[in-house]
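**Student:** Below, each chain spelled out in residue letters.
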Amino acid sequence: MPMRWFNKIATHQLTLLVIRIIVGGVFLLYGVAKALAPLDQFNQSILDYQLLPEFIVPTFAVVMVIVEIAVGLSLILGIYTRYAALATGALLIVFLIAIGQAMLRGLALPDCGCSGGFIKLGETPVEVFVRDAIMLVMLVPILLKTRAGQVAPWTVDKWFELRRPPKV
Amino acid sequence: MSDEQLTKKERQELNRQEKNNRKANEERAESFKKIGMAIGLVVIVVGIVWAVKASRPSADEVIDVHPDPIEGPADAAIVIKEYSDFECPACQALHPVLQDIRKEYNGQVRFQYNDFPLSQHKYSTTAAVGAECAFQQDKFFDYHDLLFDNQETWAAVKTKDEATEIFRGYAEELSLDMTAFDSCTTGPDAADRVNEDYAEGISLGVNSTPTVFVNGERVTEVPFSKTIREAIERAIGAGAQSTVSGEGEDDTSANSNTSDVNDNADAVVQ
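For the record, the sequence lines run as chains Y and W. Number 168 marks the last residue of the first sequence (full-length UniProt numbering); no jumps. Number 270 marks the last residue of the second sequence (full-length UniProt numbering); no jumps.
If you are wondering where the hints come from, they were derived from the structure by calculation, not from laboratory data. The reader is advised that the hints may include incorrect statements.
In silico DSSO-like pairs for lysine-lysine, Cα to Cα no more than 30 Å straight-line [what the hints assert, rightly or not]:
1. W:Lys33 x W:Lys23
2. Y:Lys158 x W:Lys8
3. W:Lys23 x W:Lys8
4. Y:Lys8 x W:Lys34
5. W:Lys19 x Y:Lys158
Chain W stretches covered by chain Y per the calculated footprint, using a threshold of three residues with CB under 8 Å from any CB of chain Y [said to hold, decoys possible]:
6. 48-54
7. 111-121
For each residue, glycine too, the CB sits at the ideal point set by N, CA and C.
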């Protein structure tokens, strides 16, 4: 019984909209912040994680910025909402692995690189880890709602669906 | 009869195919529109960001949001701008180097200090705020020297309160007006100035400390004792080239001017 209530609230159209705006907004804003900040700083942050070889980092940084902006926009507006949510989830898992391994290896992360040094929130790696994990969990209702070709409400997807000629 | 049936079947089949085709076309058009929309928006956002970034002032043109602590003549031809963190050991190591350089080029250089406290340093922001408050009482550089000279002492204390107490002690040592100092360190203005300095550094692409600009040219290579002097000589050379004559300079610098001009001329010829 309480599970049903939980489901009802979690997949309520307002909840879904709020989740999309929050998670998509975080990705969009951080993507824009990274793009605005000098790229060397983001490069340095990526290097601090000691996961990627140095020669690939500048390309990776640019791709990352564009992907984050694209994913954020798609999630907020609901363009291929399910795929946007899946991509966001995949990115978050990558971030979690990156931060997790840095914590385990005891690497010093002066900055998580989330905003590419544009803003200095002074978050600890643990705080960033928790924040990313929360966002990952927040995606679950969207994935539940968009199972089996269903379309989430208040999205561009829905708008296109409504415009389709009725099936005879 | 059978002929008619066949055509009917065929017609049905045709109709179905047509419907399927139309549906597929509609779906394709829809995904084109959606993907186009997403790509278009991303291009717009990235374009706006790029435009904003391109319109940002470069190192030369950055206008200071507030007066920074300055040492040396206001009209000096060479401006050394340092972004530094009082708790960073490399900044402490640079401190005597810069003191020597300022002495060496006395009268020719203006030194400008900017705060860039890194988040991994526990007390560097508090130290920077203290220095800003000393600056309000025209004792910035004395305070700055004390902070660097005693970095090991205050950086090692356990709590922020202890550090604050030490910073207060330095103010007392310099016989600052303690009422003004206390209200300054607890008020928002000094902290704002530190943050403004940090933001200014970010806009110039500063990402580590110490970062030094000599007339807008970023010097990152170590040893700083060599690279900063080289950058100064280059700046003097550039100045000598544009103003043609060096007035009232001593022999050595005049020599270095000419040699630099020659170097540049060689480079152009080559």
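**Student:** Give a verdict on every hint.
**Tutor:** Going down the list of hints, with the structure as the test:
1. A threshold of 30 Å between alpha carbons decides the hint, and for W:Lys33 with W:Lys23 the separation of about 15 Å falls inside it, so the pair holds.
2. For the hint pairing Y:Lys158 with W:Lys8, the CA-to-CA distance comes to about 38 Å; that exceeds 30 Å, so the pair is violated.
3. The suggested pairing of W:Lys23 with W:Lys8 holds, with an alpha-carbon distance near 22 Å, which does not exceed 30 Å.
4. Restraint check for Y:Lys8 and W:Lys34: the C-alpha separation of about 29 Å stays at or below 30 Å, so the hint holds.
5. For the proposed pair W:Lys19 and Y:Lys158, the alpha carbon gap of about 23 Å is at most 30 Å, so the pair holds.
6. Look at the region 48-54 of chain W against chain Y: 4 of its residues bring a Cβ nearer than 8 Å to a Cβ of that chain, three or more, so the hint holds.
7. With 3 residues bearing a CB less than 8 Å from a CB of chain Y, the region 111-121 of chain W meets the requirement of three and the coverage assertion stands.
Of the numbered hints given earlier, the model fails hint 2 alone.
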